[in-house]
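A.B. asks: What follows is each chain in one-letter form.
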Amino acid sequence: MENHSALVLIELGAVFLGLGILGRLAGRIGLSPIPLYLIGGLFFGQGGFVELDGLEEFSQIASEIGVILLLLLLGLEYTAGELVTGLKQSWMAGVLDILLNFLPGAIIALVLGWGGVGALVLGGVTYISSSGIVAKVLTDLGRLGNRETPVILSLLVFEDLAMAIYLPILTTVLAGVSFAGGLQAVGISLVVVTIVLVIALRFGRTVSAIVDSKDREVFLLTLIGGALLVAGLAAAMQVSAAVGAFLLGIAISGATATNATRLLEPLRDLFAAIFFVVFGLNTDPSTIPPVLGYALLLAAITAVTKVATGWWAAKRQGVGRLGRARAGAALIARGEFSIVIAGLAVASGAITDELAALATAYVLLMAILGPIAARLAEPAMRLVLRMAPQSA
Amino acid sequence: MKVEETPLPGIGVRKDIVTASGRRIGTVTQRDGETELIVSRADDPDACLASIPLTAEEASALGNLLGSHEIVAQLTEDHRDLPGVNTRQFLIDVDSPYDGRKLGDTKMRTRTSVSLVAVLRRGQVQASPTPDFMLAAGDLLVAVGTSEGLDAAAEILSGG
Chain A
1 MENHSALVLI
11 ELGAVFLGLG
21 ILGRLAGRIG
31 LSPIPLYLIG
41 GLFFGQGGFV
51 ELDGLEEFSQ
61 IASEIGVILL
71 LLLLGLEYTA
81 GELVTGLKQS
91 WMAGVLDILL
101 NFLPGAIIAL
111 VLGWGGVGAL
121 VLGGVTYISS
131 SGIVAKVLTD
141 LGRLGNRETP
151 VILSLLVFED
161 LAMAIYLPIL
171 TTVLAGVSFA
181 GGLQAVGISL
191 VVVTIVLVIA
201 LRFGRTVSAI
211 VDSKDREVFL
221 LTLIGGALLV
231 AGLAAAMQVS
241 AAVGAFLLGI
251 AISGATATNA
261 TRLLEPLRDL
271 FAAIFFVVFG
281 LNTDPSTIPP
291 VLGYALLLAA
301 ITAVTKVATG
311 WWAAKRQGVG
321 RLGRARAGAA
331 LIARGEFSIV
341 IAGLAVASGA
351 ITDELAALAT
361 AYVLLMAILG
371 PIAARLAEPA
381 MRLVLRMAPQ
391 SA
Chain B
1001 MKVEETPLPG
1011 IGVRKDIVTA
1021 SGRRIGTVTQ
1031 RDGETELIVS
1041 RADDPDACLA
1051 SIPLTAEEAS
1061 ALGNLLGSHE
1071 IVAQLTEDHR
1081 DLPGVNTRQF
1091 LIDVDSPYDG
1101 RKLGDTKMRT
1111 RTSVSLVAVL
1121 RRGQVQASPT
1131 PDFMLAAGDL
1141 LVAVGTSEGL
1151 DAAAEILSGG
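As given, the protein sequences belong to chains A and B, one line each in that order.
Numbering-wise (my numbering), the first sequence opens with residue 1 and increments by one.
Numbering-wise (my numbering), the second sequence opens with residue 1001 and increments by one.
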């Protein structure tokens, strides 16, 4: 027993140190660390260079906590008011976004013979942009004051809300529940989402006051305890643990949300990193080369469809052509949520290994391509328009 | 003049105005209170030429600089017919010896014959400040006097 825990500690330490080095490398070259974490996981998992064992139990639960924290912080980022106005302003662009970006994934899954469940999973993977990567790129490139930025952000808000409906559907379908059961879960989640939005709009202060505490330790325990409890209850109701955490995040607002974000961010980064590594660990790298062609094809198609979505949405807001190109390219990055979707599917065992491999390869490509495209969109567009950049 | 307020979900608020010359200028205030000054590009009004992070102190000093424009213009106009009388503005620096001290401590009138006619703080004007007015870094003083007197006043305010 002594030896076992010593081994686990050594392995865990090595994994974290490795991730730290990868994260530093990513920061140095201005990349999102997500693809590097995935690659790190691929190296050490089944079929990789070194196989780690004894870590399964811990890493499994830690990666689940990672997903819950990812979604909790996503919910904390938005106020209910922002969600409602975002929904009102961007629903047309949001619907176009779903059509253009869900369909390519779904169609490829059907073509490859992975059936309806596979189509639902891969469609979700190609649909959702990475709010984390996109927000970081916008900040890094100094585009927060740009006119197209609110367009991009409200599309992200729409996508994140769509996730709150999509994830419960996905979890019920993956659990193999009947059609009626699926409808019931969707009904429950719609009702729950609405109730939470109403509570957050009307009584956001009360909820925040209950969670809030001046004592950091008490605050942290209340938050994490609340999040895990809500997530667990949601999972028991087939509504998906992640959605429960997301909704709790929305209900907390104002200064409490700001403090909670500050406190939880490092924890989320730690556990989310484990989540990406575990996903990589569970993917056999030898399954990737056969699906690489499809991943490239899907990447090319969905890069174009995201640009089209952003272009159209920005045009509707009266943004010029350069801004439309920037808006479209900024949305290309896929990341954490695509992996959350694929991770749920893999954990359920309802999809083939090939689909997991395709999703991994796809996210690797898109998480790297996204920030690069966001940077290059403007010079490329100027070239097309034969416009020289002016300094003032 | 219409200040347009645009929510940036998950990030903060953008507030900007479109100038007569067609440029967009304003601020982006992030959730954590961090403020950026934004200036749009001339060839692409959707994009920003610069977004400059400002501390609370810098933002209020900038507000004062811009806000004082009118009052100084007004005073200069008033003194136009009086040769040798000038209007000038002085910013109280963080390292000014008078940061946190009374206006009276400068003994400005006795030492330079210069009159301090107004103090601007966070966009607000304090006209004819009394000697017990407490100065703070970021304050902008509007002074009237001869140009030699004003030069001496500048030295006093920065060096003591």
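The hints are simulated quantities; they were obtained by calculation from the structure and are not laboratory data.
Remember, it's a predicted structure, so these values are computed and weren't measured experimentally.
Where hints are given, some of them may not hold.
Unchecked claim - So these bits of chain A aren't anywhere near chain B, every CB distance computed over 10 Å:
| hint | residue |
| --- | --- |
| 1 | Y78 |
| 2 | L83 |
| 3 | G86 |
| 4 | L99 |
| 5 | N146 |
| 6 | L153 |
| 7 | L156 |
| 8 | S286 |
| 9 | L322 |
| 10 | M387 |
To be verified - SDA-like, lysine to any residue: derived pairs with alpha carbons at most 20 Å apart:
| hint | chain 1 | residue 1 | chain 2 | residue 2 |
| --- | --- | --- | --- | --- |
| 11 | A | K315 | B | P1045 |
| 12 | A | K214 | B | D1032 |
| 13 | B | K1102 | B | D1132 |
Heads up, the beta-carbon is just placed ideally off N, CA and C, and yes, glycines get one too.
A.B. asks: Hint by hint, say whether it matches the structure.
C.D. replies: Hints, verified against the model:
1. Y78: Given that some Cβ of chain B is not farther than 10 Å from that of A:Y78, nearest at about 6 Å, it is violated.
2. L83: violated, 8 Å
3. G86: violated, 5 Å
4. L99: holds, 22 Å
5. N146: About 5 Å separates A:N146 from the closest Cβ of chain B, which leaves it inside 10 Å; violated.
6. L153: The claim is violated: A:L153 sits with its nearest Cβ about 5 Å from chain B, within 10 Å.
7. L156: Nearest chain B Cβ is 7 Å from A:L156, so the label is violated.
8. S286: The claim holds: A:S286 sits with its nearest Cβ about 39 Å from chain B, beyond 10 Å.
9. L322: The assertion about A:L322 is violated, with a minimum of 5 Å to chain B.
10. M387: The claim is violated: A:M387 sits with its nearest Cβ about 7 Å from chain B, within 10 Å.
11. A:K315 / B:P1045: holds, 14 Å
12. A:K214 / B:D1032: OK: A:K214 and B:D1032 at ~18 Å, within 20 Å.
13. B:K1102 / B:D1132: holds, 5 Å
Against the hints set out earlier in the document, violations occur for numbers 1, 2, 3, 5, 6, 7, 9, 10.
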